[in-house]
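In case you want the letters, here they are:
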Amino acid sequence: DAGITQSPRHKVTETGTPVTLRCHQTENHRYMYWYRQDPGHGLRLIHYSYGVKDTDKGEVSDGYSVSRSKTEDFLLTLESATSSQTSVYFCAISEKGIVTEAFFGQGTRLTVV
Amino acid sequence: GEDVEQSLFLSVREGDSSVINCTYTDSSSTYLYWYKQEPGAGLQLLTYIFSNMDMKQDQRLTVLLNKKDKHLSLRIADTQTGDSAIYFCAENRDQTGANNLFFGTGTRLTVIP
Numbered sequence: 027d028a029g030i031t032q033s034p035r036h037k038v039t040e041t042g043t044p045v046t047l048r049c050h051q052t053e054n055h056r057y058m059y060w061y062r063q064d065p066g067h068g069l070r071l072i073h074y075s076y077g078v079k080d081t082d083k084g085e086v087s088d089g090y091s092v093s094r095s096k097t098e099d100f101l102l103t104l105e106s107a108t109s110s111q112t113s114v115y116f117c118a119i120s121e122k123g124i125v126t127e128a129f130f131g132q133g134t135r136l137t138v139v
Numbered sequence: 087g088e089d090v091e092q093s094l095f096l097s098v099r100e101g102d103s104s105v106i107n108c109t110y111t112d113s114s115s116t117y118l119y120w121y122k123q124e125p126g127a128g129l130q131l132l133t134y135i136f137s138n139m140d141m142k143q144d145q146r147l148t149v150l151l152n153k154k155d156k157h158l159s160l161r162i163a164d165t166q167t168g169d170s171a172i173y174f175c176a177e178n179r180d181q182t183g184a185n186n187l188f189f190g191t192g193t194r195l196t197v198i199p
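Chains as they are written, first to last, in this note's numbering: chain A, 27 to 139; chain B, 87 to 199.
No incorrect hints appear here.
Computed list of lysine to any residue pairs in SDA-like fashion (alpha-carbon distance at most 20 Å, straight line):
{"no.": "1", "chain 1": "B", "residue 1": "K122", "chain 2": "A", "residue 2": "G29"}
{"no.": "2", "chain 1": "B", "residue 1": "K122", "chain 2": "B", "residue 2": "T148"}
{"no.": "3", "chain 1": "B", "residue 1": "K122", "chain 2": "A", "residue 2": "R135"}
{"no.": "4", "chain 1": "B", "residue 1": "K122", "chain 2": "A", "residue 2": "V114"}
{"no.": "5", "chain 1": "B", "residue 1": "K156", "chain 2": "B", "residue 2": "M139"}
{"no.": "6", "chain 1": "B", "residue 1": "K142", "chain 2": "B", "residue 2": "S159"}
{"no.": "7", "chain 1": "B", "residue 1": "K122", "chain 2": "A", "residue 2": "D64"}
{"no.": "8", "chain 1": "A", "residue 1": "K122", "chain 2": "B", "residue 2": "L131"}
{"no.": "9", "chain 1": "B", "residue 1": "K122", "chain 2": "A", "residue 2": "H67"}
{"no.": "10", "chain 1": "B", "residue 1": "K122", "chain 2": "A", "residue 2": "E127"}
{"no.": "11", "chain 1": "A", "residue 1": "K122", "chain 2": "B", "residue 2": "Q130"}
{"no.": "12", "chain 1": "A", "residue 1": "K37", "chain 2": "B", "residue 2": "G126"}
{"no.": "13", "chain 1": "A", "residue 1": "K122", "chain 2": "B", "residue 2": "I135"}
{"no.": "14", "chain 1": "A", "residue 1": "K122", "chain 2": "B", "residue 2": "L132"}
{"no.": "15", "chain 1": "B", "residue 1": "K142", "chain 2": "B", "residue 2": "D164"}
{"no.": "16", "chain 1": "A", "residue 1": "K122", "chain 2": "B", "residue 2": "Y134"}
{"no.": "17", "chain 1": "B", "residue 1": "K154", "chain 2": "B", "residue 2": "D140"}
{"no.": "18", "chain 1": "A", "residue 1": "K37", "chain 2": "A", "residue 2": "R48"}
{"no.": "19", "chain 1": "B", "residue 1": "K156", "chain 2": "B", "residue 2": "Y117"}
{"no.": "20", "chain 1": "B", "residue 1": "K154", "chain 2": "B", "residue 2": "N107"}
{"no.": "21", "chain 1": "B", "residue 1": "K122", "chain 2": "A", "residue 2": "T31"}
{"no.": "22", "chain 1": "A", "residue 1": "K37", "chain 2": "B", "residue 2": "P125"}
{"no.": "23", "chain 1": "A", "residue 1": "K37", "chain 2": "B", "residue 2": "G128"}
{"no.": "24", "chain 1": "A", "residue 1": "K122", "chain 2": "B", "residue 2": "T116"}
{"no.": "25", "chain 1": "A", "residue 1": "K37", "chain 2": "A", "residue 2": "T108"}
{"no.": "26", "chain 1": "B", "residue 1": "K122", "chain 2": "A", "residue 2": "Q132"}
{"no.": "27", "chain 1": "A", "residue 1": "K37", "chain 2": "A", "residue 2": "E105"}
{"no.": "28", "chain 1": "B", "residue 1": "K122", "chain 2": "A", "residue 2": "P65"}
{"no.": "29", "chain 1": "A", "residue 1": "K37", "chain 2": "B", "residue 2": "A127"}
{"no.": "30", "chain 1": "B", "residue 1": "K142", "chain 2": "A", "residue 2": "E127"}
{"no.": "31", "chain 1": "A", "residue 1": "K122", "chain 2": "B", "residue 2": "Y117"}
{"no.": "32", "chain 1": "A", "residue 1": "K122", "chain 2": "B", "residue 2": "T133"}
{"no.": "33", "chain 1": "B", "residue 1": "K154", "chain 2": "B", "residue 2": "T111"}
Quick caveat, the hints were computed from the structure, so don't treat them as lab data. Note that this is a predicted model, so its numbers are computed, not measured.
Same shape as in the complex, but just chain A (with noise of 0.2 Å):
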């Protein structure tokens, strides 16, 4: 999978308790970015990083927060986890932003109960 790590693969936590879903790439691309899969909705974007330090808002980000501070790692943190973020998570990176090919991480299936 082009050098992308995501851990945990699997978790299960508690509603209320805090979560950080960590991206591993070791291809040194610019772009990484952290989507959610449902049934139903297909992906949607949580947030993105246009490099260290830089990050934006997706399509479904509340509730979650973002950081990037070395360029291999981007970490997605649920605050105070509810059922609602059940949910497949999927980071992707990309040297040159999505016009070049995005590759994909496993996932990591996360239930909140």
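Put chain B on the given structure of chain A with help from the hints.
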């Protein structure tokens, strides 16, 4: 994401052709993409088409684009059981100064032996 529409399911017999359809919304989208997702895996880029093209062929895959109707289709010739997967179309939008992908809901293709 829900602005890019696909039918949810498609079943075909092995050896037949599959046609997966997609309608998108943003007439200014520069690129349109088809991704494949196999169980437990990330999304794999299959092919993409520039908005100034009508057709693109790549081995068993044929992409047709009708810009007037904002309609995109993916034809898979001689469909094999290994083609069983979820197929996502996606369009790029540039609403926030960086290209971002917006995905359809995905079409689950089942190939019957």
